[in-house]
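**Q** Could you build all of it, start to finish, from the sequences and the hints given here?
2 protein chains.
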Amino acid sequence: MNRYRVVVAIRLKPEVLDPAGQAVAGVLDQMGMTGVESVRLGRLVDLEVAADGPESARALAEAAARRLLANPVLETFEVAVEP
Amino acid sequence: MNRYRVVVAIRLKPEVLDPAGQAVAGVLDQMGMTGVESVRLGRLVDLEVAADGPESARALAEAAARRLLANPVLETFEVAVEP
Numbered sequence: 001m002n003r004y005r006v007v008v009a010i011r012l013k014p015e016v017l018d019p020a021g022q023a024v025a026g027v028l029d030q031m032g033m034t035g036v037e038s039v040r041l042g043r044l045v046d047l048e049v050a051a052d053g054p055e056s057a058r059a060l061a062e063a064a065a066r067r068l069l070a071n072p073v074l075e076t077f078e079v080a081v082e083p
Numbered sequence: 101m102n103r104y105r106v107v108v109a110i111r112l113k114p115e116v117l118d119p120a121g122q123a124v125a126g127v128l129d130q131m132g133m134t135g136v137e138s139v140r141l142g143r144l145v146d147l148e149v150a151a152d153g154p155e156s157a158r159a160l161a162e163a164a165a166r167r168l169l170a171n172p173v174l175e176t177f178e179v180a181v182e183p
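For the record, the sequence lines run as chains A and B. Residue 1 is where the first sequence starts when you use our numbering, and the numbers rise one by one after that. Residue 101 is where the second sequence starts when you use our numbering, and the numbers rise one by one after that.
Treat the hints loosely; a few may be bogus.
[Said to hold, decoys possible] Which stretches of chain B does chain A cover? Using the computed rule of at least three CB atoms under 8 Å from a CB of chain A, they are:
| # | segment |
| --- | --- |
| 1 | 107-113 |
| 2 | 126-136 |
| 3 | 141-154 |
| 4 | 158-172 |
Since the hints were derived computationally from the structure, they do not count as laboratory data. Backbone N, C-alpha and C fix where the C-beta goes; we use that ideal spot for every residue, glycine too.
**A** Right, here's the structure in full:
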């Protein structure tokens, strides 16, 4: 068994509104950071996974994301196994 | 002015406890995904930034992260400007 660091990036689907992100964009604008035109808030989940190899670490992280970490109706996720 | 997509990844500092992440790890264990040994929850902020070039887009995103998006006492952040 080796140990792998796996990063799961979870984002709202593009068609899902993000009022919290819009609120952050409004505050940045009020603070003078007017170049920021859009803000979308997502989640980052760092996993430490014990697995035989990077492919099984990825499979386990994908199962965790699909079954628990992400909401498949509203969100998409990407899994990256660190070298 | 060009428009850049900038990703800000915000994580708890290693020395900060993450009880929510520990709870997720416990649930994954109960669900049979016993290979996941540690879970740490972070945040992902996707920005669209209007700027003269990638370096000024990065500088604006770093200012936004430092001044508003991240809590510098508890969190660290990384900024990546997409090509």
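**Q** Taking the hints in turn, state whether each one holds.
**A** Right, here's what the structure says about each hint:
1. 107-113: n = 3 at 8 Å, threshold three: holds.
2. 126-136: holds (count 6)
3. 141-154: As far as the segment 141-154 of chain B goes, the hint holds, because 11 residues have Cβ atoms under 8 Å from chain A.
4. 158-172: With 7 residues close enough to chain A, the hint holds.
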